[in-house]
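Q: Sequence:
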Amino acid sequence: MNDKNSIRFADAPPDSDHLTDYDRAQFKLYARLLDAEADGATLSEIAHYLFGIDAEDEPERARHVHDSHLVRAHWVAEQGYRELLTNA
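Just so it is clear: in the sequence shown, position 54 is 47 by my numbering, and no numbers are missing.
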């Protein structure tokens, strides 16, 4: 957990073809990840500011957490959001 921002996250989001409760809880994080990617933020910056992970101390974990959440953020932005529209 990132105590600084009180954001709770798993090292990897659930692997599902549907939106999960975890996804719903992480919408803000996913949006921030997509913004950081678009802005060209480094892995170290993203790991530190969004996940509270020091990429120098935990490089493999930082990469795994970042990459897995970024893939999920793209899925939610490109496909997963449709569930919200059909269930509204």
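To be clear, the hints were calculated from the coordinates, so they are not data collected in a lab.
A portion of the hints provided could be inaccurate.
Stated by the list, open to error - Below, computed lysine to aspartate or glutamate pairings styled on DMTMM-like, alpha-carbon distance capped at 20 angstroms:
1. Lys21 to Asp8
2. Lys21 to Asp32
3. Lys21 to Glu38
4. Lys21 to Glu76
5. Lys21 to Asp60
6. Lys21 to Glu71
7. Lys21 to Asp4
This structure is a prediction, so every number in the text was calculated from the model and none was measured.
Q: Which of the listed hints are not met by the structure?
A: Checked against the structure, no hint fails, so every one of them is satisfied.
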